[in-house]
Every structure is written in structure tokens, then in C-alpha cells.
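Number of protein chains: 2
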Amino acid sequence: MQNVTLSRPFDLAGTLRRARTASRALARADRDGALLRIADALLERRAEILAANAEDVAAERAKGTPDALLDRLTLDELRLQGIADAVRQVAGLPDPLHRHLDSWTLPNGLVVRKVSVPFGVIGMVYESRPNVTVDAAVLALRAGSAVVLRGSANALRSNRVLVAAMRDALPRAGLPEDAVQLIDSPDRRFVTELLSARGLVDLVIPRGGASLINHVVETAKVPVIETGTGNCHIFVDASADLERAEAVVLNAKVQRPGVCNAAETLLVHEAVAETFLPRVLTTLERAGVRLVGCERTRAVHPGVGVATEADWETEYLGLELAVRVVASLDEVVDHINRYGTQHSEAILTGSSENASRFQDEVDAAAVFVNASTRFTDGFEFGFGAEIGISTQKLHARGPLGLAEITTYKYLLNGQGQVRR
Amino acid sequence: MQNVTLSRPFDLAGTLRRARTASRALARADRDGALLRIADALLERRAEILAANAEDVAAERAKGTPDALLDRLTLDELRLQGIADAVRQVAGLPDPLHRHLDSWTLPNGLVVRKVSVPFGVIGMVYESRPNVTVDAAVLALRAGSAVVLRGSANALRSNRVLVAAMRDALPRAGLPEDAVQLIDSPDRRFVTELLSARGLVDLVIPRGGASLINHVVETAKVPVIETGTGNCHIFVDASADLERAEAVVLNAKVQRPGVCNAAETLLVHEAVAETFLPRVLTTLERAGVRLVGCERTRAVHPGVGVATEADWETEYLGLELAVRVVASLDEVVDHINRYGTQHSEAILTGSSENASRFQDEVDAAAVFVNASTRFTDGFEFGFGAEIGISTQKLHARGPLGLAEITTYKYLLNGQGQVRR
Chain A
1 MQNVTLSRPF DLAGTLRRAR TASRALARAD RDGALLRIAD ALLERRAEIL AANAEDVAAE
61 RAKGTPDALL DRLTLDELRL QGIADAVRQV AGLPDPLHRH LDSWTLPNGL VVRKVSVPFG
121 VIGMVYESRP NVTVDAAVLA LRAGSAVVLR GSANALRSNR VLVAAMRDAL PRAGLPEDAV
181 QLIDSPDRRF VTELLSARGL VDLVIPRGGA SLINHVVETA KVPVIETGTG NCHIFVDASA
241 DLERAEAVVL NAKVQRPGVC NAAETLLVHE AVAETFLPRV LTTLERAGVR LVGCERTRAV
301 HPGVGVATEA DWETEYLGLE LAVRVVASLD EVVDHINRYG TQHSEAILTG SSENASRFQD
361 EVDAAAVFVN ASTRFTDGFE FGFGAEIGIS TQKLHARGPL GLAEITTYKY LLNGQGQVRR
Chain B
1 MQNVTLSRPF DLAGTLRRAR TASRALARAD RDGALLRIAD ALLERRAEIL AANAEDVAAE
61 RAKGTPDALL DRLTLDELRL QGIADAVRQV AGLPDPLHRH LDSWTLPNGL VVRKVSVPFG
121 VIGMVYESRP NVTVDAAVLA LRAGSAVVLR GSANALRSNR VLVAAMRDAL PRAGLPEDAV
181 QLIDSPDRRF VTELLSARGL VDLVIPRGGA SLINHVVETA KVPVIETGTG NCHIFVDASA
241 DLERAEAVVL NAKVQRPGVC NAAETLLVHE AVAETFLPRV LTTLERAGVR LVGCERTRAV
301 HPGVGVATEA DWETEYLGLE LAVRVVASLD EVVDHINRYG TQHSEAILTG SSENASRFQD
361 EVDAAAVFVN ASTRFTDGFE FGFGAEIGIS TQKLHARGPL GLAEITTYKY LLNGQGQVRR
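From first to last, the protein sequence lines are chains A and B.
Under the UniProt record's numbering, the first residue of the first sequence is numbered 1, with each subsequent residue one higher.
Under the UniProt record's numbering, the first residue of the second sequence is numbered 1, with each subsequent residue one higher.
Keep in mind that the hints were calculated from the coordinates and are not lab data.
Hints may be right or wrong, so weigh each one.
[Stated by the list, open to error] Residues from chain B that keep clear of chain A, each with C-beta distances beyond 10 Å, as calculated: (1) A59; (2) E177; (3) D241; (4) V272; (5) A327; (6) D363; (7) E380.
[Said to hold, decoys possible] Here are the simulated distance ranges between beta carbons: (8) W104(B) x D95(A): 41 to 51 Å; (9) S211(B) x A54(A): 46 to 56 Å; (10) V259(B) x R189(A): 38 to 48 Å; (11) R189(A) x S352(B): 45 to 55 Å; (12) A173(B) x G33(A): 22 to 32 Å; (13) D85(B) x R256(A): 31 to 41 Å; (14) A173(B) x R189(A): 29 to 39 Å.
All of these numbers come straight from a predicted model, not from anything done at the bench.
Using N, Cα and C, we set each Cβ at its ideal position, and we do this for glycine too.
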């Protein structure tokens with residue numbers, strides 16, 4: 001396979017054109033059936049998949065890559081079973097296509113219908129975890145789009161076999177195999193080419209760390225949905241139930257600190273700072289959280305480090321938390337709208353007035369009252385799937401489920417109407 | 001004013017930051033009232049506006065600019081009255097904000113509400129017509145966003161006075177004047193800077209010719225809605241009512257040939273080519289339309305020029321039409337999906353099966369059955385306004401009314417829910 005790759009350079013434009021042709025057949029095809037065939041194929045070919053993955057892991061280990069990163073790359077029987085189960089779940093979700101979104105009749109009798117349709121060709125640019133290869137492909141397929149995948153170079157062997165298994169399965173349900181394709185080259189110029197392929201790709205979704213996302217957004221000439229970065233805040237108001245507040249803050253910070261909807265900064269109203277901070281910060285320290293804070297925080301709870309401007313701006317993605325005492329809701333809103341990434345923000349309060357103001361004035365995809373920021377997630381939202389979490393305002397905000405990766409068209413039916 | 005501009009270079013980042021601050025107040029402000037004040041101010045200051053516009057027109061005439069282009073630039077009493085009337089109409093439209101889009105309750109009791117909210121800061125990059133300055137500003141304001149305007153250099157004097165009038169009017173309704181700002185410089189580097197201002201501008205909408213649109217889409221690192229290009233087709237099927245078909249084709253081509261929803265290519269089923277083409281092409285010729293066609297068209301109707309590949313690709317925006325005889329609906333769909341710009345496409349047919357297939361398989365924002373493509377328009381659709389027509393699939397397709405220039409957020413209310 002390596003030889004084939006070397007002797008025939010990868011043809012991205014051709015790949016995208018084949019994806020376009022394949023995409024035409026998908027809206028009316030048996031997409032559910034195809035996903036069930038894919039789940040079967042992944043399990044049937046488990047030996048081949050795990051062998052390829054073991055090669056990827058071994059090559060990466062030889063480079064001295066840390067265990068945590070190796071773990072992200074690794075597949076095993078259990079994980080593969082989990083991937084196949086997830087594919088079957090997506091097959092069982094309601095079809096996001098052919099939905100009637102709106103309709104009305106113009107004064108001249110022309111009937112307008114607005115219906116959901118596929119994007120066409122979706123590009124995915126992502127890192128490491130080979131499960132994303134399958135996740136992204138089946139979500140795109142279920143939403144009626146062909147998908148062109150570009151995973152990371154260190155997962156290329158795994159991705160080749162996963163994509164081969166999916167492609168083999170598609171014709172068994174009558175779908176064209178070119179509905180799923182891999183950019184089978186580690187050369188980064190194909191990412192640039194994909195991001196410039198206006199007219200050939202309808203949407204690119206990046207998924208990975210901040211530098212990947214930034215590269216895609218800065219480079220792309222095709223439509224992109226920016227995902228991922230979450231510098232999320234929790235504000236504990238003067239009227240908050242402090243016992244519940246402690247539990248929510250702990251959950252938002254430590255339940256899974258490496259994800260985008262975890263909290264990175266705690267804001268506490270000055271009226272409860274002396275009561276609340278010692279207990280919550282002690283609890284956080286016991287959970288292994290490194291703390292930095294403003295002067296007022298440090299005065300109340302010695303041992304907290306000095307928070308710099310960089311701390312307010314940082315998505316730690318780990319067991320670190322910045323803490324600030326604030327004097328008013330205005331100060332809170334200003335802080336969040338200045339440093340936040342418009343992902344998930346929470347107020348813990350007993351005041352319905354403050355809750356409303358916070359939800360109104362804070363600019364974010366998901367604004368919580370008395371709940372953990374960790375609920376911004378396609379599965380928690382009940383979407384049954386998630387291809388990422390949007391942090392831009394164009395098209396979709398927050399969790400991207402199946403409905404969010406479709407678009408619409410207007411169908412207009414008349415009897416010879418002309419414009420006057 | 002010229003001196004001030006020269007001595008203090010224009011500060012785009014500062015402009016965008018002031019726009020952001022102003023935007024925070026808009027969702028709950030008296031936006032209707034502000035629009036009515038703007039309409040008044042435009043008429044109160046008509047002498048000043050028309051004088052500035054006369055200077056722009058004189059400067060342009062001195063360059064030898066053709067009359068048609070001068071006309072696009074020119075304002076007079078009647079046009080200014082029309083602009084003010086349009087502003088009042090927008091003030092009377094339903095508020096696109098605070099709309100309840102969806103709501104549900106999660107199994108843990110968390111209530112999710114999805115509501116429409118403003119984008120925040122919208123940038124507009126456009127050409128010539130000074131009426132766009134007012135149109136774009138009031139649509140953005142009505143949709144709760146601050147707007148930063150970049151018109152063409154040759155309309156800068158007009159735009160300065162129009163923007164000054166709007167800014168003066170805003171505080172009279174309690175709105176911050178920085179909700180409307182002008183990029184008061186002809187220097188193109190400010191366009192590049194605007195298109196790169198991630199985090200400072202939430203959306204840029206280009207409006208103008210293909211080269212402007214392409215420049216914006218290729219350059220932008222911020223979210224953009226691509227608008228405008230319309231290579232639209234009309235297909236006359238074997239079962240079409242040929243009398244109505246003739247009227248629709250004529251309307252789609254000649255009623256206003258310079259706009260994006262006018263037809264550029266006529267496709268005719270071979271079964272009716274010999275009957276239909278001589279009459280419709282004669283009618284079109286009498287209306288001043290220059291015709292090019294495929295060999296079969298030219299065999300039926302002598303005098304038609306040779307259509308080249310370039311003709312199928314061209315949006316003429318004038319009294320020109322490409323004509324092609326086709327053998328099947330498959331050929332029609334292939335032609336349109338290959339050459340079309342996903343704007344507006346029409347089938348004229350007596351077959352409901354062919355109508356459905358055409359609407360299903362043709363990839364465009366608006367797909368018509370038995371009606372002119374000219375109806376793809378915010379006013380015709382009943383949106384009451386239009387800031388452009390989207391030809392991309394991300395966010396909104398087709399006419400962009402007030403609802404299409406809003407986004408949404410999720411509001412989640414709980415009682416201390418944490419994630420398990």
C-alpha cells in the first residue's frame with residue numbers, strides 16, 4: 001500500500017469529485033442500513049484493524065510519545081466494540097433529512113416549502129483518536145453527506161483499515177463506496193488544498209486542539225464551523241445555595257478536566273467570598289486542583305497563587321482553576337464577555353432577576369443557571385450524537401448533532417407565475 | 001473632515017471594539033424607535049446628503065465613468081424618500097430576537113430553551129449604491145447587531161453623511177451611536193484587516209460583483225456569508241404548457257436581466273425543441289436578447305451563435321441567453337449541478353414526477369416548479385427585507401431577511417444538576 005501511495009500521488013481534487021458524485025445518491029439511499037453494515041464490518045475485520053492500530057502505536061512509542069497520548073491512539077477489542085455500538089446508535093436516530101421546516105403561500109399563489117437537505121461533501125480534519133474516523137463518517141452519512149477524512153499522520157495505518165472496512169460495507173446497503181474517503185497521505189499540503197477547494201467541499205469541520213482549529217479557521221476559503229475551545233466560567237452569586245454551589249463547581253472542574261465544557265475560572269460575589277471560598281477552595285485542593293486567584297481571593301485563602309492576565313485567558317484543560325472575587329453582576333458579565341470563548345457559562349444564584357440578566361447578557365452558546373457547564377454535549381442535550389461543539393455564531397452554536405450538519409433548500413411550486 | 005482623517009489614521013480595531021460595546025445594549029433597546037428616528041434624520045438632512053452625493057457623482061463623472069454606473073451612485077429627492085420609506089418598513093417588521101425556537105427537558109430535570117439572539121458585530125463590504133449603506137445598517141440594527149460599513153471609495157462622501165445622520169439619530173431613541181460605524185478610508189488594507197478580525201467581528205456579508213465577493217470569501221478568516229452569484233437555469237420539459245413556458249422564460253430573462261435571480265441558460269427537452277424553440281427564441285430576440293446555443297438549438301433556429309463551455313459557466317447579468325437541447329431529466333440535473341451556482345433553478349413541466357425529481361436532485365437554494373426564477377428575493381418571499389441572497393449552504397440559503405441575520409443561544413435552567 002505504501003508503494004501504491006508513493007507511485008501514484010494522492011489526488012485530492014479527484015477524491016472530492018468522486019465524493020460529490022457519491023453524495024448525490026445519499027439523500028434517498030438506505031443510510032440506516034449502511035450504518036448497520038458498517039458496524040458489522042468493523043467487528044468482522046477487528047483483527048486487521050487492531051493489527052494496523054498496533055503498528056501505529058508501536059511507531060509512536062518508538063518516538064518516545066508519552067503514555068497518555070499513546071492511550072488516545074490505542075484501539076482494543078472493547079473500544080472497537082464501543083465504536084460499533086455507537087454506529088448502531090446513530091443508525092437508530094431520527095432521519096435529519098426531508099424534514100418540513102416551514103411553508104407558506106405567497107399572494108400570487110406560489111407555495112413555498114423549506115425542507116432540510118444534506119450539505120453534500122463534508123471535510124473532517126482531526127487529530128489522533130481513530131474513533132473519530134468512524135464517528136465523523138457515520139454522522140456525515142446519516143446526515144446524507146459524503147465525507148472526506150483527514151486524520152493525523154500517526155493514525156494513518158489505523159485510519160486506512162477503518163476506512164477500507166466502511167467503504168466495503170457501503171455497497172452492501174446499495175450506497176456508493178466513495179461516500180467515505182480518506183486523504184491517504186500525511187502531507188499537510190492536502191489539508192491546505194482541502195481548505196481551498198471552493199465548490200468541491202461544502203463544509204469543513206476541524207476537531208482537535210486549539211492550534212489545529214486555528215490553522216483550519218485561518219487557512220480555509222471554504223465554509224468552516226469552528227469548534228472546541230472552551231474557556232468556561234462559573235459565577236457564584238451572593239444568593240447562591242452554597243452547598244449546591246460547591247458541588248457544581250467541583251463537578252465542572254474535576255469530573256473530566258480535559259474537555260472543552262469544563263470550568264476554567266470561578267467568579268465569586270464578594271458578599272459570599274469569605275464564607276464560600278475557604279470551603280470550596282479546600283475541596284478543590286483536596287481534589288488535586290492547582291489554584292491561582294486575584295488579591296482578594298488570596299487574602300481569604302492563603303496558598304492560592306497569583307493569577308495573571310494569561311490565567312484569565314487560558315483554557316487549562318487540566319486540574320487548574322483561576323479564581324476571582326467580583327463586586328457586581330456587571331463585573332461578571334464584563335469579565336466573561338472579555339475572556340470567554342462563547343462556549344458554556346454558568347451562574348449559581350437564588351435570584352431569578354440575576355439569572356435572567358446573566359442569560360441575557362452573557363454571550364455564549366450555552367448559558368446555565370444552577371447547573372454544571374459540563375452539560376454542553378450532544379448526548380446530554382439528547383441529540384444522540386455529536387460531531388463537535390461549535391464556538392462560532394454562524395450556522396450552529398453549541399453541540400453539533402445530526403440536524404446541525406444538514407442545511408435546507410426552498411421548494412417553490414406554482415402555475416406559471418411571473419414577476420411583475 | 002478630510003484633515004481629521006489625514007492627521008489621525010483610521011483605527012479599525014478601535015472601531016470594532018466600540019461596535020462590540022455598543023452591540024451589548026441593542027437586544028433590549030428600542031430598535032424600532034431608532035429606525036424611525038433614522039428615517040426622519042435622513043429626510044431632515046437631505047440637502048447635506050444630496051450635496052455630498054453630488055460631489056461623489058461629479059468626481060466619478062470627471063473620471064469618464066459611464067452613465068449607467070453614475071446612475072447607480074446617484075441619489076435624488078425621490079430616491080432618498082424611497083430609502084427613508086424602506087427604513088420605516090423595516091421598523092414595522094416583527095422583531096427577529098427573543099424568539100422561542102425550541103425547548104425540552106432533560107431526564108435530570110434541566111430545562112433547555114433555544115432562543116434567537118443577535119450576532120453582535122456585523123461587517124458589510126459592498127459597492128457603489130449608497131442606499132446599501134442605509135439598508136444594511138438598519139437591517140443589522142433591527143436584528144440587534146452593531147454594524148461596521150465599508151462601501152466603495154467613490155461613494156465615501158455620500159456614505160460619510162448618511163452614516164453621520166444615522167449616528168446622530170440613534171441616541172434620540174436611547175441607542176449608542178457606535179452601533180453604526182463607517183470604515184472612513186478608501187484604503188483597501190482595512191478590508192483585509194476587517195476580514196481577519198477574529199473575535200472582533202462575528203459575521204461579514206459581502207454585497208456586490210463577483211470579484212468583490214470572491215475577494216472577501218478568499219481573504220476572510222472570520223465567518224462570511226457568500227452572496228450573489230446566480231447562474232440560473234430554466235428547463236422546459238416535454239410536458240410543459242408551452243404558452244406559459246414562453247411567458248416564464250421571457251420573464252426570467254428580460255424582466256430585470258442585471259440581477260442574480262435572472263435566468264442565464266435555457267434547457268429544452270428534445271421532444272418539444274422543434275415546437276417550442278422557434279417561438280420562444282423569436283420572442284426573446286424581439287426583446288433584444290442575444291442568443292447562443294448548442295448545435296441542436298442552432299439547427300432549429302438559425303442565427304443563434306455557438307455556445308462555448310464559457311457560456312454554460314457565465315452569469316451574463318444582461319440580455320444574453322445560452323440555450324441547450326437535452327434528451328433527459330438526468331442530463332438536465334447533471335448540467336445544472338455542474339454549471340449552476342446553487343442559487344435559483346426552475347423546471348416547467350406537467351409531470352409531477354419530474355417536478356419532484358428536479359426539486360430533489362437539483363442542488364440550489366431555491367428550486368422552482370412552473371414559476372420564474374425571479375421570485376428568489378426577500379421581499380417576494382415575504383421577509384419584508386433583504387440584505388443579500390446566500391449562495392452557500394452554511395447558516396442560511398437564499399434570501400437573507402432579518403431572521404437569517406440572527407443566531408441563537410441555549411438557555412439551560414436547573415436546580416444544581418451535576419454531570420455523572
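Evaluated hints:
1. A59: Non-interface label stands for A59(B): nearest chain A Cβ at 34 Å, farther than 10 Å.
2. E177: holds, 21 Å
3. D241: violated, 7 Å
4. V272: holds, 16 Å
5. A327: Holds, because the least Cβ-Cβ distance between A327(B) and chain A comes to about 19 Å, which exceeds 10 Å.
6. D363: violated, 7 Å
7. E380: violated, 7 Å
8. W104(B) x D95(A): 41 to 51 Å: Distance hint for W104(B), D95(A) is violated at roughly 19 Å.
9. S211(B) x A54(A): 46 to 56 Å: At roughly 53 Å between Cβ atoms, A54(A) and S211(B) fall inside 46 to 56 Å, so the hint holds.
10. V259(B) x R189(A): 38 to 48 Å: Holds: the Cβ-Cβ distance is about 39 Å, inside 38 to 48 Å.
11. R189(A) x S352(B): 45 to 55 Å: holds, 49 Å
12. A173(B) x G33(A): 22 to 32 Å: At 58 Å between Cβs, range violated.
13. D85(B) x R256(A): 31 to 41 Å: violated, 56 Å
14. A173(B) x R189(A): 29 to 39 Å: violated, 53 Å
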